[in-house]
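J.: The task is simple: from the sequences and hints, build the whole structure.
Protein sequence lines correspond, in order, to chains W and R. Letter by letter, the first sequence follows residues 0 to 570 in numbering that gives the first Met the number 0. Letter by letter, the second sequence follows residues 0 to 223 in numbering that gives the first Met the number 0.
Keep in mind that a hint or two might mislead.
[Said to hold, decoys possible] Computed, partial: chain W to chain R, Cβ under 10 Å:
(1) M185
(2) S189
(3) R372
(4) D442
(5) T445
(6) G503
[Unchecked claim] To spell it out: a stretch of chain W is covered by chain R in this simulated footprint if at least three of its residues, at any positions, have a beta carbon under 8 Å from a beta carbon of chain R; those stretches are:
(7) 190-200
(8) 239-246
(9) 421-431
(10) 494-502
(11) 505-517
Because the hints were derived from the structure by calculation, they are not lab data. Note that CB positions come from ideal geometry on N, CA and C, so glycine has one too.
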Amino acid sequence: MRRRGGARRARMGRRGRGLAWLAVMALGGCGGGSDRPPVPEAAPVVAPNGTVGTLLPSIDPSGVIAPAADPKLPGFDAWPFVFDARNHTIDGRTCAVVVEREGALVRELSATASADACVAAWDGRDASGAWLSPGVVTVRATVEDVSGGALAVAEATVEVVRLGIERIELDPVTPGDRSALLYSRMAGRSDGFYELASDRFSWRMGADAGDGAGAVVLELADGTPRELPAPWDDPLSPPLDAASPDGVERDTYNLPTAWSAGARLDVSATLSSDIAGVPGGGDPTTVEVRVVPPAGTEATADAGFAHGATVVVRTVASPVPAVGKIDWALEWSFEARRPGGEWVAVPGSLTTTHRLYGLVDTPIFDYSAVPHRAWVDVVDIVAGWVDGASADPGDVAGRIVEGVYWELGLRYDRVSGASFYTSYPSGWEGAVFDLTDFQVRGDGSTINCSDAGSIVSAYANMVGVDLRYHILQHGSASGFDLNYIQAIGWEGFTETPFTSGRGGFRYHAVVGPPDGSFFDATLALDGDGTPTSLPATLLLAQGMPADDYLRALSSEWTYITTRVDEKVRIR
Amino acid sequence: MTRLVTILSLTVGALWVTAACASAQPLVSRIAAPGLVLTEVRAPDDVPLPVRLVFARSAQARAEVRIDVLVTASEAEALSRAEALESRAALGLPALEGIGARAWGHRTMVVLARGPVAAEVRVLAGAHDAVAIARALDAELAAGTGRAATAPRLRVDGDAQGERPLAVRFDGDVVASWLSADGAGYARSTERGWVVARTGPGAIVVRALAVTPDLRVHELTLTR
Numbered sequence: 000m001r002r003r004g005g006a007r008r009a010r011m012g013r014r015g016r017g018l019a020w021l022a023v024m025a026l027g028g029c030g031g032g033s034d035r036p037p038v039p040e041a042a043p044v045v046a047p048n049g050t051v052g053t054l055l056p057s058i059d060p061s062g063v064i065a066p067a068a069d070p071k072l073p074g075f076d077a078w079p080f081v082f083d084a085r086n087h088t089i090d091g092r093t094c095a096v097v098v099e100r101e102g103a104l105v106r107e108l109s110a111t112a113s114a115d116a117c118v119a120a121w122d123g124r125d126a127s128g129a130w131l132s133p134g135v136v137t138v139r140a141t142v143e144d145v146s147g148g149a150l151a152v153a154e155a156t157v158e159v160v161r162l163g164i165e166r167i168e169l170d171p172v173t174p175g176d177r178s179a180l181l182y183s184r185m186a187g188r189s190d191g192f193y194e195l196a197s198d199r200f201s202w203r204m205g206a207d208a209g210d211g212a213g214a215v216v217l218e219l220a221d222g223t224p225r226e227l228p229a230p231w232d233d234p235l236s237p238p239l240d241a242a243s244p245d246g247v248e249r250d251t252y253n254l255p256t257a258w259s260a261g262a263r264l265d266v267s268a269t270l271s272s273d274i275a276g277v278p279g280g281g282d283p284t285t286v287e288v289r290v291v292p293p294a295g296t297e298a299t300a301d302a303g304f305a306h307g308a309t310v311v312v313r314t315v316a317s318p319v320p321a322v323g324k325i326d327w328a329l330e331w332s333f334e335a336r337r338p339g340g341e342w343v344a345v346p347g348s349l350t351t352t353h354r355l356y357g358l359v360d361t362p363i364f365d366y367s368a369v370p371h372r373a374w375v376d377v378v379d380i381v382a383g384w385v386d387g388a389s390a391d392p393g394d395v396a397g398r399i400v401e402g403v404y405w406e407l408g409l410r411y412d413r414v415s416g417a418s419f420y421t422s423y424p425s426g427w428e429g430a431v432f433d434l435t436d437f438q439v440r441g442d443g444s445t446i447n448c449s450d451a452g453s454i455v456s457a458y459a460n461m462v463g464v465d466l467r468y469h470i471l472q473h474g475s476a477s478g479f480d481l482n483y484i485q486a487i488g489w490e491g492f493t494e495t496p497f498t499s500g501r502g503g504f505r506y507h508a509v510v511g512p513p514d515g516s517f518f519d520a521t522l523a524l525d526g527d528g529t530p531t532s533l534p535a536t537l538l539l540a541q542g543m544p545a546d547d548y549l550r551a552l553s554s555e556w557t558y559i560t561t562r563v564d565e566k567v568r569i570r
Numbered sequence: 000m001t002r003l004v005t006i007l008s009l010t011v012g013a014l015w016v017t018a019a020c021a022s023a024q025p026l027v028s029r030i031a032a033p034g035l036v037l038t039e040v041r042a043p044d045d046v047p048l049p050v051r052l053v054f055a056r057s058a059q060a061r062a063e064v065r066i067d068v069l070v071t072a073s074e075a076e077a078l079s080r081a082e083a084l085e086s087r088a089a090l091g092l093p094a095l096e097g098i099g100a101r102a103w104g105h106r107t108m109v110v111l112a113r114g115p116v117a118a119e120v121r122v123l124a125g126a127h128d129a130v131a132i133a134r135a136l137d138a139e140l141a142a143g144t145g146r147a148a149t150a151p152r153l154r155v156d157g158d159a160q161g162e163r164p165l166a167v168r169f170d171g172d173v174v175a176s177w178l179s180a181d182g183a184g185y186a187r188s189t190e191r192g193w194v195v196a197r198t199g200p201g202a203i204v205v206r207a208l209a210v211t212p213d214l215r216v217h218e219l220t221l222t223r
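T.: Here it is, written out as structure tokens:
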């Protein structure tokens, strides 16, 4: 067992003999603001054998020895200890590095000697392979001659800490830019709605009831670091926990959030230094630690690390510039220093990933009660269709029409043209869309125009595009004829889309924004300018002026009247 | 939504009883589709929308037939509702003779009115005949809808302000229900029935549409 440096120092002074002793405390001795630590004036430079030299904690490409580190920090590889030996003849000699706590050997490290440095790395574990608990340790490097005699010694005092994040809240810089989301089938149940309020923590770590005594936010009961939660992938249900008051996982989770495109975010991270059995037990005691704002963010206030403290960073630009789905990664790193010293990077970092959905704007409905929210599964579909290409309402609505027409596997009811998912309680007003059933195709994949209108408008409303449904009817007759169309899910243009060979619609439903243009996913028009004859050029109505649309739809277009201008109600 | 698989997993063979005998049973037990079991009774979320009965080959199988039933206050209202249902098909449905007071449809879709009831039979999958199902339904309706069930009462247990949702119960025989809530909470269906989740302090107005075995819809409200 090696003795502690202080005792050796006293003995050396008494003896007046020559073990070159440089007890350079890395935490106190690495400051000064220069690239290289200064050689302390009091440092003895004469070794027993007369060799002149120093052995100092060094600066190396990664910086001076970090005064603190958390070996359990995700991304922690090793704690590098590089002792500068440029003033010391080290060639041909060996060096040894040990870690001690309160005079007791914790670990002998594998060290290498080069021309100008003694280098070792520590994984934070003791000789038995167990994690060393947080606290101060001494790292001692010794240059030895061929016979094992010590030529020079240096020490660094560093602190094992525990650095982590308990929860993260994402807030809009501009109020209202974050929207609530809704899961529609919690635990697989129809009508099993679960709202993610716009002010709810989206990312959290915590001990589960089943983890056992001693489990804490950052660690399981046996001290194993708790894994960071990945974004929750099920778009229909939140993660479940039977022990939770509402049946939803509330200990460790990572839930999606929805944002108006272009929103900037304030990210509030509540810090934790929990160790198994001791909440907050890994808080720094002799060093200062601060959070380094993740790339693309800047701190809005003091970013000092302390158990339970909250650090707020603000995005420099919007991470959600358009409609889409983004898994936004934030790399949280840390710096440490002795009081008054220079900040040194702490090895390792933790990366939290946040699923952000970009919307055109806040969801827009005519009703306020649940389920009139942005449904996760719907937003996920639309985000995939738009894929970050635009935040323009017209573009996004047009992409929704394309998606519904081409990509959902839907087919027009060529037998009756009857709706499967849309009901009208009274007249044509108040259309109710059974979105819950539609999302799982509970009644199959056959639809009619009311359904297509409901799908397009409900999807659009949820991502903040104002689309309402309209009913087109002949002003005086019981129906109107059709030009060449291609119904959703069917091949080829025809004037008589029904299996009976009949053509014409008694009514037709389309959707559109307040500007009066039409969007339609029920059918494709013949867009070649002569819709009454073949050949046909496929044209989807994606913001067509009403007259252009009607002219392409029917030869009786001048008789067609447009009724109803309201959003569908969903259930 | 309430699944009635256990109590209503009856094939038409078991349910195909005579009208005279059947009228003693509640309407929900007298409606069937041959070879299929009733897997779900779905309450409407508004009035006057119909109650939906869903039939499939088994509880886990996809729906093959659905029958929407709207029990109204009068024959005239039922006929009006049936006409409205028929008009929602973009292609007009042919009239059917011998079913109900009026009926329209074909093998995959039938709309009919009989007494105070408007109904719609839809074949969603499989080789089922909507006309045959509609005829059988009509025979059941001709036997009457039965005595009107007592309107249930709505109860919301507890007044917790925390994360635990408030349990919703009905006093009375309810085969399906739909809940919505306005104010500081919202309603959702769970395996233990409907609950109301609080989203903040303040009053919650709970509105329920409860379907009794006679397939009538009762609108109930309660402020918590």
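J.: Hints numbered earlier in the text: which of these fail when held up against the supplied structure?
T.: Of the numbered hints given earlier, the structure breaks none, since each of them holds.
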